[in-house]
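Protein chains in written order, with this note's numbering: chain A, 23 to 283; chain B, 6 to 203.
Please keep in mind that the hints were generated in silico from the structure rather than gathered at the bench. Hints may contain errors.
[What the hints assert, rightly or not] With a Cα cut of at most 25 angstroms, we get these calculated DSS-like pairs of lysine-lysine:
1. Lys130/B <-> Lys160/A
2. Lys74/A <-> Lys50/A
3. Lys160/A <-> Lys79/B
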Amino acid sequence: MNYENEKIINCSMFEESLTGYLDNALDKPLKVAMAEHALQCPICHGLLNEVKSALELCHEISAPKHSMTHLEARILAMTAPETAMACQEFENYLTDYLDGFLPAAVFHRWERHAALCEQCTDLPGEVVRSIAACYTYKNEEMPLPEGLHAKILQATIGTERAGEVQASRISQIIERMRGWRFPIPMPQLAPVAMILMFAFLIFSQGVSADGSISQMYQKSFEFAGQTYQQGADIVLGMEKIEQVPQQKPIDGIYINNEGRK
Amino acid sequence: MEALKAVAATSSGAELVRRCRAGDGTAWEEIVSQFSRRIFNLAFRFTSSVEAAEDLTQEVFIRIYRTLEQYDAKQGDLSNWLMRLARNLIIDDYRHRQRNPQNSHADDVEDHTFHLRAVGGSAQKEMERRELAKQVQEGIDKLPTDLRTCVILRDIEEMTYQEIVELLKIPEGTVKSRINRGRIELAKILRRMRVVNI
Numbered sequence: 023m024n025y026e027n028e029k030i031i032n033c034s035m036f037e038e039s040l041t042g043y044l045d046n047a048l049d050k051p052l053k054v055a056m057a058e059h060a061l062q063c064p065i066c067h068g069l070l071n072e073v074k075s076a077l078e079l080c081h082e083i084s085a086p087k088h089s090m091t092h093l094e095a096r097i098l099a100m101t102a103p104e105t106a107m108a109c110q111e112f113e114n115y116l117t118d119y120l121d122g123f124l125p126a127a128v129f130h131r132w133e134r135h136a137a138l139c140e141q142c143t144d145l146p147g148e149v150v151r152s153i154a155a156c157y158t159y160k161n162e163e164m165p166l167p168e169g170l171h172a173k174i175l176q177a178t179i180g181t182e183r184a185g186e187v188q189a190s191r192i193s194q195i196i197e198r199m200r201g202w203r204f205p206i207p208m209p210q211l212a213p214v215a216m217i218l219m220f221a222f223l224i225f226s227q228g229v230s231a232d233g234s235i236s237q238m239y240q241k242s243f244e245f246a247g248q249t250y251q252q253g254a255d256i257v258l259g260m261e262k263i264e265q266v267p268q269q270k271p272i273d274g275i276y277i278n279n280e281g282r283k
Numbered sequence: 006m007e008a009l010k011a012v013a014a015t016s017s018g019a020e021l022v023r024r025c026r027a028g029d030g031t032a033w034e035e036i037v038s039q040f041s042r043r044i045f046n047l048a049f050r051f052t053s054s055v056e057a058a059e060d061l062t063q064e065v066f067i068r069i070y071r072t073l074e075q076y077d078a079k080q081g082d083l084s085n086w087l088m089r090l091a092r093n094l095i096i097d098d099y100r101h102r103q104r105n106p107q108n109s110h111a112d113d114v115e116d117h118t119f120h121l122r123a124v125g126g127s128a129q130k131e132m133e134r135r136e137l138a139k140q141v142q143e144g145i146d147k148l149p150t151d152l153r154t155c156v157i158l159r160d161i162e163e164m165t166y167q168e169i170v171e172l173l174k175i176p177e178g179t180v181k182s183r184i185n186r187g188r189i190e191l192a193k194i195l196r197r198m199r200v201v202n203i
């Protein structure tokens with residue numbers, strides 16, 4: 023069929039090609055003719071609109087009412103009821119959820135409860151909006167009441183004219199010096215006390231009457247005396263080396279006891 | 006850059022305090038001008054009364070003036086020290102008033118006139134902002150004492166959990182749970198007042 027030369031198509035032809043027209047499946051000349059007919063014929067215009075509305079309704083009905091999250095939540099609630107969350111628990115986790123601190127397992131349970139529970143579903147949004155309202159409120163600061171400034175100055179420095187209260191030279195210098203610090207830090211008292219205690223113990227135990235540590239001079243005199251005695255006994259032919267009690271040195275001078283033999 | 010700014014703030018705060026201690030009135034006036042509005046607004050959030058907030062702000066400044074000797078610049082900048090002191094005093098006062106309701110300043114928020122600053126926008130928006138601020142304050146006033154304190158500190162003063170723990174001297178778990186409960190209660194109150202609608 024060639025419609026190119028036809029200026030007007032009849033109502034029967036319009037009805038016949040209506041589906042193709044709505045599906046945008048007609049060739050251009052027929053499409054133009056359909057549009058022209060729809061404009062000219064009120065009955066066909068009405069029919070076109072009715073069919074259009076019916077199709078839209080059909081699309082709406084066929085679209086899912088709930089999101090997959092909601093469906094998933096319903097399925098899980100029916101198949102695994104032990105993973106459901108109580109409203110109180112849901113509320114307890116609300117701030118952690120908003121702060122992003124919920125662990126994965128709790129997070130999914132929480133979201134499922136939010137999707138399913140009619141009482142709780144709007145709560146997160148309301149809390150977020152109320153926090154936002156608090157921030158708005160914070161930014162809307164009130165101005166200082168008139169005279170408060172002066173009252174504070176009067177109550178603290180005794181006058182409303184702060185410029186009249188001047189710092190004296192001496193107080194300025196004192197305040198500057200207050201910030202100064204000695205370059206050497208204060209010694210730690212505990213280690214110093216320990217050092218002093220050990221020093222006391224060593225010297226009190228080690229220094230003897232002859233002024234040396236552990237009577238070093240006296241001992242050395244005694245050993246020298248013993249060596250001399252043993253040598254003398256050998257020289258005089260004594261078989262047995264006796265251990266002769268030593269005489270104490272007096273003032274560092276050893277007294278030989280040869281006269282004893 | 007931030008670190009440099011912090012150092013500059015600390016040194017300028019320390020210098021102001023040094024001049025105050027020496028007896029310089031203009032330095033004290035500068036401190037009052039810098040912080041009075043912030044402290045007054047904080048006091049108002051807890052008292053819901055202009056007169057009470059005014060008295061409280063004055064008391065806070067008297068206390069600050071007397072304790073300026075204790076300020077140590079090494080412990081942080083002046084703003085932090087001063088606001089910490091102010092929060093402590095305001096919260097102490099709030100708790101005291103809650104224990105002794107006869108001393109409460111809690112007169113009706115309706116009586117207060119909000120002089121919100123105009124930030125551009127139309128008169129209609131200005132009125133809406135004013136109305137919202139009034140309703141939020143009313144909602145906050147309806148919260149129980151402990152929840153109210155935590156909500157103000159977290160959502161208006163924007164303090165961290167740790168700062169609130171240190172200020173109120175309560176465990177972190179308690180702070181978190183009070184903030185959570187307070188937010189939920191506030192949301193429900195504002196919903197009933199039709200401030201937050203879906």
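For this session: List in ascending order the numbers of the hints, as given earlier, that are violated by the structure.
Result: 3
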